[in-house]
Amino acid sequence: MGKRLPKEKDLKRILWFFVKLNILFLPMYVVIYFDLKYEPAQVFFASIVNFFISILGFKIEQDGYMLYLGERGLPIDISFDCIGWKSSYSLIALVAASPGTWKEKTGFLLKGVPAMLLLNLARVLLALTIGYFFGFDLIPVVHDYILQVAMLFAVLFAWRTYLLQKKQLKNHLIKKQDL
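Numbering (the numbering used here), first residue to last: 2 to 180.
Each statement offered as a hint is correct.
Cut-off 25 Å, straight-line C-alpha distance, at most; resulting in silico cross-link-like pairs (DSS-like, lysine-lysine): (1) Lys-168 to Lys-13; (2) Lys-168 to Lys-10; (3) Lys-104 to Lys-21; (4) Lys-167 to Lys-10; (5) Lys-87 to Lys-112; (6) Lys-87 to Lys-167; (7) Lys-87 to Lys-106; (8) Lys-106 to Lys-167; (9) Lys-21 to Lys-167; (10) Lys-21 to Lys-8; (11) Lys-168 to Lys-8; (12) Lys-13 to Lys-167; (13) Lys-13 to Lys-106; (14) Lys-106 to Lys-21; (15) Lys-168 to Lys-112; (16) Lys-167 to Lys-112; (17) Lys-21 to Lys-10; (18) Lys-168 to Lys-106; (19) Lys-8 to Lys-167; (20) Lys-104 to Lys-167; (21) Lys-112 to Lys-21; (22) Lys-168 to Lys-21; (23) Lys-104 to Lys-168; (24) Lys-10 to Lys-106; (25) Lys-38 to Lys-87; (26) Lys-87 to Lys-21; (27) Lys-104 to Lys-87.
Derived from the structure by calculation, the hints contain no laboratory data.
Build the full structure now, drawing on both the sequences and the hints.
Below you can see the structure in the form of C-alpha cells.
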C-alpha cells in the first residue's frame with residue numbers, strides 16, 4: 002500500500018506556511034538586494050573574533066572590520082554576511098511561520114538565535130584556525146562552502162527541534178486531558 006495522500010486541509014496549511022515564510026523573508030531580500038550593511042556590527046564581530054584568535058595564540062591585528070592574520074598579515078574581511086544575521090533571521094522566519102503560540106515561538110527563539118550566533122562565531126574561528134595551521138588558501142573553501150552548508154543544516158536542525166518540541170507538548174497535553 003502507498004502512503005496516504007495529503008488532505009486538502011494539510012495542503013492549505015502547508016501553502017499558508019510558505020506564504021507566511023516568504024512574506025517574512027521580504028526584509029532579508031531587501032537587505033541583500035540593496036547590499037545594506039551595519040558597520041558597527043561588523044566591527045563588534047571582528048573584535049570578538051580578534052579576541053578569541055588572540056587567546057589561541059595566533060598573531061592577529063584588527064583595523065575596523067578588517068583582520069590581519071599571521072606573520073604575513075593575511076587580510077580577512079569581516080563582511081556583514083559574516084556576522085551570522087542570515088542564519089539567525091532565517092531561524093526567526095521559519096519559527097514565526099510555523100504553528101505555535103507567540104509565547105512558544107519567543108521562548109524558543111530566545112535560545113535559538115543566540116545559539117545560531119555562537120555557531121556562526123565558531124564557524125569563523127574554525128575556518129581561521131584551519132587556515133592558520135594548514136594554509137590560508139583553505140580559509141575560503143572551509144568558510145564559504147563546508148561550514149556554510151553546516152550552518153544551513155544547523156538552522157534546519159534548530160527549526161526541526163522547535164517543531165518536535167511543539168509536537169511533544171501537544172501530545173503531552175492530549176495525554177494529560179485523557180487522565
